[in-house]
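Asks: With chain A held as given, fit chain B onto it using these hints.
Spelled out from the first residue to the last, the chains are:
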Amino acid sequence: MTQNGLNPSVLIVDDEDMVITSLKAFLQLETDYDVHGFTDPEVAARFADSNRVDVAVSDYLMPKMNGIQLLARLKEAQPEASRVLLTGHSDKQSAIQAINQVSLFQYLEKPWDNSQLLLVIQSGVERANLFRELRQKVEELDSAHSSLKNVQKRLLQAFL
Amino acid sequence: MTSPTAELHQLAAIGRLLTGIVHEINTPLGSIFSNNDVILRSLEMLPGLLDNPTPESLAKARRVVETCHNLAAVDKIACERIRSIIRGLKSFSRTDGSELRKVDLNQQLLDTLKLTQAEFRKRITVETGLADLPEVECYPQMLNQVFLNLLVNAGQAIVGDGKIAVRTRLEEGCVHISIADNGRGMTREQKARAFDEGFTTKPLGEGTGLGLSISREIIEKQHGGSIDFESEPGLGTTFHIRIPVRQGASHCDSERA
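From first to last, the protein sequence lines stand for chains A and B.
The opening position of the first sequence corresponds to residue 1 in this note's numbering, with each subsequent residue numbered one higher.
The opening position of the second sequence corresponds to residue 1001 in this note's numbering, with each subsequent residue numbered one higher.
The shape of chain A in the complex, shown without the other chains (with noise of 0.2 Å):
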């Protein structure tokens, strides 16, 4: 579960005190993720801009800002994030903006198991280490190409 020696991070954003409570305990009790909590959706946005997030888990419905729009600029923040919205506004059309706007990785609904959630945030923060071991990959991929290609252009000079 560890990557560079660093515990999975989790974010979870609900406008009631309660449900972060509640989150926070079941994932201290079953996991060694580092949990971070934020009533406020622009508190926690700020938080993902700076700080590395493997799963966002957040309420639709709140203050300021809703879960889909701070999802949204997560994505941009965070690209390789899974992200979940939790809702216990059992709305088909918020559901389906969701999945196509912010590529979600799962939809949730309140009130939630939590050995499912625990399983989706789980598959979500191996989902976020493949993401970002690819992306180290094409890098590496990217560097050996363009220094191939410089040797092939001196190889090429050396010899026409």
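Do not take every clue at face value.
When the alpha-carbon atoms are kept at most 30 Å apart in a straight line, the in silico DSSO-like pairs for lysine-lysine are as follows [stated by the list, open to error]:
#1 Lys75/A / Lys1122/B
#2 Lys75/A / Lys24/A
#3 Lys1202/B / Lys1163/B
#4 Lys1221/B / Lys64/A
#5 Lys1102/B / Lys64/A
#6 Lys1122/B / Lys64/A
#7 Lys1102/B / Lys1191/B
#8 Lys1202/B / Lys1114/B
#9 Lys75/A / Lys137/A
#10 Lys1114/B / Lys24/A
#11 Lys1060/B / Lys24/A
#12 Lys24/A / Lys64/A
#13 Lys1122/B / Lys1090/B
#14 Lys1060/B / Lys64/A
#15 Lys1090/B / Lys1191/B
#16 Lys64/A / Lys1163/B
#17 Lys1076/B / Lys24/A
#18 Lys24/A / Lys1090/B
#19 Lys1122/B / Lys1060/B
#20 Lys1090/B / Lys1114/B
So these bits of chain A aren't anywhere near chain B, every CB distance computed over 12 Å [as the list claims (entries may be wrong)]:
#21 Leu6
#22 Asn51
#23 His89
#24 Gln97
#25 Ser103
#26 Asp113
#27 Glu139
#28 Leu148
#29 Gln157
What the hints contain is simulated information worked out from the structure, not anything from laboratory work.
Where is the CB? At the ideal position from N, CA and C, for every residue including glycine.
Replies: Then chain B, alone, in the frame of chain A:
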């Protein structure tokens, strides 16, 4: 008894609030389910931590017990939240309120506010200034319907963020209730027709055009009270309701400036 139309209108008003009410119940319910699960998991974990105690396992056991304490406290808050919403709904049920009763109108207002809370919470600040009131002899279910009508209207008049102020005051044998919003207000034409049956400015499906005419019927005919309003386009609307503390004892006249 209110008329069948009034009853239908009331059902429609509550129906429109239902999505919000469901959301408002699902959130604490989600917490309760989760906390229950965490407490059970903790209870399963504790014997293992205590059977072969090491300083680390004891420290962990203490943390687990402390967490369970915190979660039990959260559960209590969550249950109280659900109970207050149910109380708001109950005050609209037909079984408890078609007869004359003495009630605390402040409590009735707070219960009704609970139902609109989910719709309002994200964008509207509700201010309450409730004076000490004697118990008022009234048909509580009908009055709740009036309060709900006026609160829903106030919320719909506010585009985006805004404020609603609910105040009560005792005035010579009458209770004065005011519900003020800083929404879009009414034009002169709208003001003239506000109490007309079937008159509405709301889009189809959001209003029946009956809310205010039913409210007036309830306040004036059923309770011998008065209902009137002040409104300025762009500044908002304030409704004033006056209800006699004892039925038959006196009439409450509006106090137009």
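Asks: Would you mind marking each hint as holding or not holding in the structure?
Replies: Here is what the structure says about each hint:
Note on Lys75/A and Lys1122/B: the hinted pairing holds, with a Cα-Cα distance of about 24 Å set against a maximum of 30 Å. Taken as a hint, the Lys75/A and Lys24/A pair is honoured in the structure, with Cα atoms around 23 Å apart against an allowance of 30 Å. Only pairs whose Cα atoms come within 30 Å are accepted, and Lys1202/B paired with Lys1163/B is accepted, the gap being roughly 20 Å. For the given pair, Lys1221/B sits about 43 Å from Lys64/A by alpha-carbon distance, which is inconsistent with the 30 Å threshold.
For the proposed pair Lys1102/B and Lys64/A, the alpha carbon gap of about 41 Å is over 30 Å, so the pair is violated. Restraint check for Lys1122/B and Lys64/A: the C-alpha separation of about 8 Å stays at or below 30 Å, so the hint holds. Between Lys1102/B and Lys1191/B the alpha-carbon distance is near 33 Å, which puts this suggested pair outside the 30 Å criterion. For the suggested pair Lys1202/B and Lys1114/B, the alpha carbons sit about 23 Å apart, so the restraint of at most 30 Å is met.
In summary, the hint linking Lys75/A to Lys137/A is supported, as the alpha carbons are separated by about 21 Å, within the 30 Å threshold. Straight-line distance between C-alpha atoms of Lys1114/B and Lys24/A comes to about 28 Å, which keeps the hinted pair within the 30 Å bound. Between Lys1060/B and Lys24/A the alpha-carbon distance is near 16 Å, which keeps this suggested pair within the 30 Å criterion. Between Lys24/A and Lys64/A the CA atoms are separated by roughly 23 Å; this keeps the pair inside 30 Å, and the hint holds.
Of the supplied pair hints, the one linking Lys1122/B and Lys1090/B holds, its CA atoms being roughly 24 Å apart against a limit of 30 Å. For the hint pairing Lys1060/B with Lys64/A, the CA-to-CA distance comes to about 39 Å; that exceeds 30 Å, so the pair is violated. Between Lys1090/B and Lys1191/B the CA atoms are separated by roughly 33 Å; this puts the pair beyond 30 Å, and the hint is violated. For the hint linking Lys64/A to Lys1163/B, the alpha-carbon distance of about 15 Å falls within 30 Å, and the restraint holds.
At most 30 Å may separate the alpha-carbon atoms for a hinted pair to count; Lys1076/B and Lys24/A meet this at roughly 18 Å. Taken as a hint, the Lys24/A and Lys1090/B pair is broken in the structure, with Cα atoms around 34 Å apart against an allowance of 30 Å. Between the alpha carbons of Lys1122/B and Lys1060/B the distance comes to roughly 39 Å, so the proposed pair goes past 30 Å and is violated. At roughly 12 Å between alpha-carbon atoms, Lys1090/B and Lys1114/B fall within 30 Å of each other, so this suggested pair holds.
Listed as a non-interface residue, Leu6/A keeps its Cβ farther than 12 Å from every Cβ of chain B; the least gap is roughly 22 Å. For Asn51/A, the non-interface assignment is confirmed: its Cβ lies about 25 Å from the closest Cβ of chain B, beyond the 12 Å cut-off. Separation of His89/A from chain B is inadequate, the least Cβ-Cβ distance of about 5 Å not exceeding the 12 Å criterion. Gln97/A, annotated as away from the interface, keeps every beta carbon of chain B farther than 12 Å; the closest lies near 16 Å.
The beta carbon of Ser103/A sits about 25 Å from the closest Cβ of chain B, which is more than 12 Å, so the claim that it is off the interface holds. Once the 12 Å rule is applied to beta carbons, Asp113/A is inconsistent with being away from chain B; the minimum gap is 8 Å. Here Glu139/A stays apart from chain B, with its beta-carbon at least about 40 Å from theirs, past the 12 Å limit. The beta carbon of Leu148/A sits about 52 Å from the closest Cβ of chain B, which is more than 12 Å, so the claim that it is off the interface holds.
No Cβ of chain B comes within 12 Å of the Cβ of Gln157/A; the nearest lies about 65 Å off, and the non-interface call holds.
Checked against the numbered hints above, the structure violates hints 4, 5, 7, 14, 15, 18, 19, 23, 26; every other hint is satisfied.
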